[in-house]
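Quick note, the sequences are listed as chains S and D, same order. Under this note's numbering, the residues of the first sequence are numbered 651 to 798, in order. Under this note's numbering, the residues of the second sequence are numbered 5 to 336, in order.
Simulated from the structure, these hints should not be mistaken for lab results. For glycine and all other residues, C-beta sits at the position ideal for the given N, C-alpha and C.
Here are the in silico distance ranges between beta carbons for each label pair: (1) D:Thr125 with S:Val734: 45 to 51 Å; (2) D:Val289 with S:Asn697: 41 to 47 Å; (3) S:Pro673 with D:Lys93: 20 to 26 Å; (4) S:Pro673 with D:Ala59: 33 to 39 Å; (5) S:Tyr733 with D:His63: 38 to 44 Å; (6) D:Glu239 with S:Ser700: 34 to 40 Å; (7) D:Thr125 with S:Pro673: 43 to 49 Å; (8) D:Gly153 with S:Leu687: 51 to 57 Å; (9) S:Ser700 with D:Asp193: 57 to 63 Å; (10) S:Ala676 with D:Ser302: 29 to 35 Å; (11) D:Tyr121 with S:Met716: 32 to 38 Å; (12) S:Pro699 with D:Ser136: 27 to 33 Å.
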Amino acid sequence: MFRRKCGATYLMTDEHHDHQAAPYMAIFGLLIVCTILSALADVLELNLPSAFLIFIVLVIATIKAMFVMMFFMHLKFEGKWKYVILLPTAVLALAMPFALASDIAVHYYDVAVPQENTLLDKEVLAEEQADDHQSHDGHKNGEHGGSH
Amino acid sequence: MSHQHGHPPLKMGLAIPNAKLGMWLFLGTEIMFFTAFIGSYIVLRLGSPGWPTNAEDTHIVIYAGAINTFVLICSSVSVVYALEGVRNKNFDFARKMLILTLVLACGFLGIKAYEYYGKFTHDILPGRIPESNQQALHFTIRDLKAATGIEEAQYKLKTLQKQLGERQAVGGNTESLQSQIEEQQKVVDEITPVSNKVDQLNSLVTAGKIKLGDPGAHGAHAEGEQPEHSAAEGEQTMVDAVAKLHEEHPEYFASVHVPKVIRYGNLFASTYFIMTGFHALHVIVGMILFVMLIGLGSKLGSQHETFVENSGLYWHFVDLVWIFLFPLIYIV
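So that you can see chain D by itself, here it is in the shape it has in the complex (with noise of 0.2 Å):
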């Protein structure tokens, strides 16, 4: 057979390993999975008549993603050199430099986790960002309403009474039953009057009498700064009534907030989460393959050749991602 004397076999196909054939095929597939997200956040941005852009309002830390960016550049780098070590037959290094490229992951998660938390704290999450005064208005109101769980404690009053009225008819057992009616009575009392107020407020609201105010004001508030404004205008506004219940019943309305109306602001919410969101699942995914490698401890040999090169694509596409992710969200 001539292939047997001297010069490179032929080969069906390509002269790659199929599972690096397969991890580019799979590459190909993530990259309209992620241009299909991109383009349609780019769409969907031309297309809307505005964009929040402000720092403040969408909570979008420039330095935060410029350090990401940094953060997988870094990885990539530490990457290339794990397949460099295993090519030299230099594990040891090679295993380092897997080790440190978890651990930028890690940081990376981090960061987007200090991120998500601002967002979440904030409320800045699709189809929760009031995009009008009145959008505003009524947020707060439910808010408040949950906040006072007056529909909770009638809930439970009325199934109880529900059962005891089963009970009696057939004839059983009431004393326990009672106590606890009588008992879920007062919790209901308890809470009525704080509820009543928000629905004075809520009737405001409808009858359009009160303004939102500023919610960005509350620091300013607690310094004397903000009755002096809203006392100008002559009118009652959301902010102070919201901190006027605060002061009278932290215990229920401490973590309530006026949000800040953020035109457009859905919208970005759902670009952003989805392509942010994606892309750190990607990332989790990479830091399983690194822990399985790390996990092959002196065990990494040679023939994980392809597997760590393949990681290492893998991984330098999920930096790809961020590379334009990063100036498409944090900076335009």
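Here chain S stands alone, though its shape is the one from the complex (with noise of 0.2 Å):
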């Protein structure tokens, strides 16, 4: 029981200190201006390429996101631990758009090799039917007699 105690007494202290030098009202005040920012690229119709657009807007959203949990979640000041808890969860963020990308994201299909290969599905159908015919011809009563 005395053990608990001291240590959450410690804990909250130690804590405390590092607490009072996050300037709340500041970092608020920054996400506000952020976000001002990244409406105002869109809204403001600047002309500019629409891939820098989204870099830039995406650079914004990960600044407001890193202020967010260094100050707000506390993870300045928190212990090494963090790393083991955040970063195995970002190699299942980056790895999924990646290995999802090189297939469906990434246009190595054209028209000459179709993703969607209707092209092949009509010669494949045509194939097919004209081995249907075939069968319903000649190999009918062969075919008949081997499945029973």
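Grab the two chains, each in its own frame, and use the hints to assemble them into the complex.
Listed below in structure tokens is the structure:
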């Protein structure tokens, strides 16, 4: 009992000193500015290349996320365990889009090699139909006998 | 024992409360949960030959998204002050901050509901968006047909007739049934001419003799701009046909509109609703946590510090997700 209490107060005071250093209102202002910036980037129609705009907007979002995590979620003041818990999740976060992107998002299919294989499907279908006709004519009895 | 003499005790595991560790582990799974959705959105969007970005089509209101971002950031700040209040034993202040957070969360959901309302009224829902003119024509016919209620009326009539037959076979009293059938027959007879008009339209659609027209020009039509436009084409349009049906039978067709063609709109709607929907669910869960804390009333004390901190961590995560959803959905 004594130990727990001791540990708790130790933790609390230790954290407390750090917390007072976190300037919440300043971070709040910064987050608001970032939000206005990213909204303006879209509304003003700056004639920038869209890839650049996307990049800017996502960088702003990442900056905002970093500030929220570091100060509001106090990660800046936490021990090294934060890496153990959070970094593995980044593996899935990044692996999934990258793994799927190679097939779905990156178009290595084109008209000659269509993704939906519409041309190929038609050819295969035509061949199958041709086969069907043949078997109807000649092999029908033989097949029937074979299956029984 | 050495640990009873002065220096801090050796602790098994990490120097944080177990509940907080649990919350962080949970947030780890939450990161994977949301990145799976966001990742599949990114991949599907990059893989799609096109994407609806016109705000008039998608009813994406950037101001609503920006205001919601603002609201969530404010609530993140208020929840962080609530934790400070608990730590400084200023529980009254903490409670006020928690109430402010809850109010802001309600505001977020209100704006979200307004956005969803716009999507539902315009049928911007997965699987309900026509992606070609032909689909839009078929959708309109389906809706017109459903609006007449002919199928239900006929089905009801048939069931009544079947019941009558059964009762006659037994030799029971059929008077009330027969009067019911007569009434139902009247209903069917009333609908049939209206339904026939829809069938005529349908035959035009299947014969390819009708064009869609411009569903967006509904307002202009009332001011008399539309007829000139369609007369120039010399072909009947579905928009005109539906407008005519509106005039002739408002009691049936008032709610039927020609849907707007949005190419790749269904994929857009699916990803939009899965991301914002799950986010909204998380907002609701956060609100439940705050209601629990506020419900403690004056009992809120230092023993709830971890609870407040964990609710705060969860709430910041909800904010984080929105920080990424806002640019990805509303801006890009």
